[in-house]
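There are 2 protein chains.
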Amino acid sequence: MTYCVGIKISDGLVFLSDTRTNAGVDNIARFRKMFTWSIRGKRAIAIMASGNLSITQGVITRLNQDIQRSQTDDVECILNADTMFRVAQLVGKKMKGIQQSHSEDLEAHGEASSATLIVGGQRLGGRHRLFQIYSAGNFIEATPDTPYFQIGEHKYGKPILDRVLTINTPLKDAIKAAMVSMDSTLRSNLSVGMPLDIAAVRGDTLAFTHHRRIDVDDSNFLNITNSWSLALRDAFQTLPELKGN
Amino acid sequence: MTYCVGIKISDGLVFLSDTRTNAGVDNIARFRKMFTWSIRGKRAIAIMASGNLSITQGVITRLNQDIQRSQTDDVECILNADTMFRVAQLVGKKMKGIQQSHSEDLEAHGEASSATLIVGGQRLGGRHRLFQIYSAGNFIEATPDTPYFQIGEHKYGKPILDRVLTINTPLKDAIKAAMVSMDSTLRSNLSVGMPLDIAAVRGDTLAFTHHRRIDVDDSNFLNITNSWSLALRDAFQTLPELKGN
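Chain order of the listed sequences is R and W.
Going left to right, the first sequence walks through residues 0 to 244 as numbering that gives the first Met the number 0 numbers them.
Going left to right, the second sequence walks through residues 0 to 244 as numbering that gives the first Met the number 0 numbers them.
Keep in mind that the hints were calculated from the coordinates and are not lab data.
Take the hints with a grain of salt, since some may be wrong.
Once the Cα atoms are required to be at most 20 Å apart in a straight line, the calculated EDC-like pairs of lysine to aspartate or glutamate come out as [claimed, not checked]:
hint : chain 1 : residue 1 : chain 2 : residue 2
1    : W       : Lys-242   : R       : Asp-217
2    : R       : Lys-95    : R       : Glu-75
3    : W       : Lys-171   : R       : Asp-233
4    : W       : Lys-171   : R       : Glu-240
5    : R       : Lys-242   : W       : Asp-217
Bound conformation, chain R alone (with noise of 0.2 Å):
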């Protein structure tokens, strides 16, 4: 499985992903599920994967084609469309375009072609904006209403985000909310696995920040993580009691 969480706050974005993939308890790999381009002061897009992998490796493959392509010919790619609306059309069509090309092949099989992404950056002259991609090509954008998505393994990290997340978080929040929703994943499900990879993007500047693999021995995330068990301990003390009868 995988557990992928992005952000949508007035301040920016986050993007947080394990790199756990399993078919199976005895088939455990490491894979990358999230991708990033950039061009500095242009534009920030960053791409969350989850699902059928040779579906969503694939996508990601043609959506770097398009970009090699785009430096000599007139193609149409994400580090080039007008907008980040249309970023996320030609995300789903490439998704739409695979699907079609290996899902009744995949069925025949037994084996699920379904996938889901997140996508989500700014480009000059537009707001940073958040999307989340189905297996169809068709996409929903996040609101101030919701402002995260979540793909994979979600249930486990989903109380914290109801209850600290909302569209006016700083992004410093955001990002430690991000984390503690990955810690509870971590901990309660085996198919999401360390080591995590985390990029942010502050709205305006076109570029990323905290952008990095954080490893299992990365001393600045578990002290976040035993901050979080300690402070819940503590917070949980504070509790009244349920009177008895």
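Once you have looked at the hints, place chain W on chain R.
Leaving out everything else, chain W in the frame of chain R:
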């Protein structure tokens, strides 16, 4: 859906269940999913149910029929069984029998017959024990390594249990943990809904405590969940930040 959590710690047992059932989004109803039986000073038993409602109601009805028959005839029932292990066996047998009667027909109509029960309690002379019973009638018992069972929509409420529960958690804190786990689930999943049913057994008292229905306007419950929301947000504020780059 449903969310029920059963906890077995050294101190005793906690049972907490919601009351929402749904067959699609427009067919929502309220059904009790927790059933208790007690003979003060002799035994206290609780069962919680998830899955196909006709199956689980069938199990409870048949268990009650046997209790009634045992008053005049020599019938083994959950109130006279020698051990809690035997109680779990009796419940498992009812489950197996009802599945055999109905599962084929249900499947022919495209319905799932699967159901899961949590059974716990104590009888005079024995320890307090907690079991989870599956559709096939087989069951497992809670041990110090995993002092809780969840059935239904279990993922949202699992992280908090994993963080705060151990076999040595005091009963009052185990009750709070169940409350917080339920609250996280209620907030993130519409298929789980108020009111709640709670019951606890302090080891060797052979009687229920905190045994009541918690309605949507229960001030004690609201106080716990509001305190938890505030404490979580405070805890969140104390976390160190992820370093940028």
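Status of the hints after comparison with the structure:
1. At most 20 Å may separate the alpha-carbon atoms for a hinted pair to count; Lys-242 of chain W and Asp-217 of chain R meet this at roughly 11 Å.
2. Our distance criterion of 20 Å between C-alpha atoms is met by Lys-95 of chain R and Glu-75 of chain R, whose separation comes to about 17 Å.
3. About 15 Å separates the Cα atoms of Lys-171 of chain W and Asp-233 of chain R, which keeps this hinted pair within 20 Å; it holds.
4. For a cut-off of 20 Å, the pair hint linking Lys-171 of chain W to Glu-240 of chain R stands: about 7 Å separates their Cα positions.
5. Note on Lys-242 of chain R and Asp-217 of chain W: the hinted pairing holds, with a Cα-Cα distance of about 11 Å set against a maximum of 20 Å.
Figure legend: structure checked against the earlier numbered hints; every hint is met.
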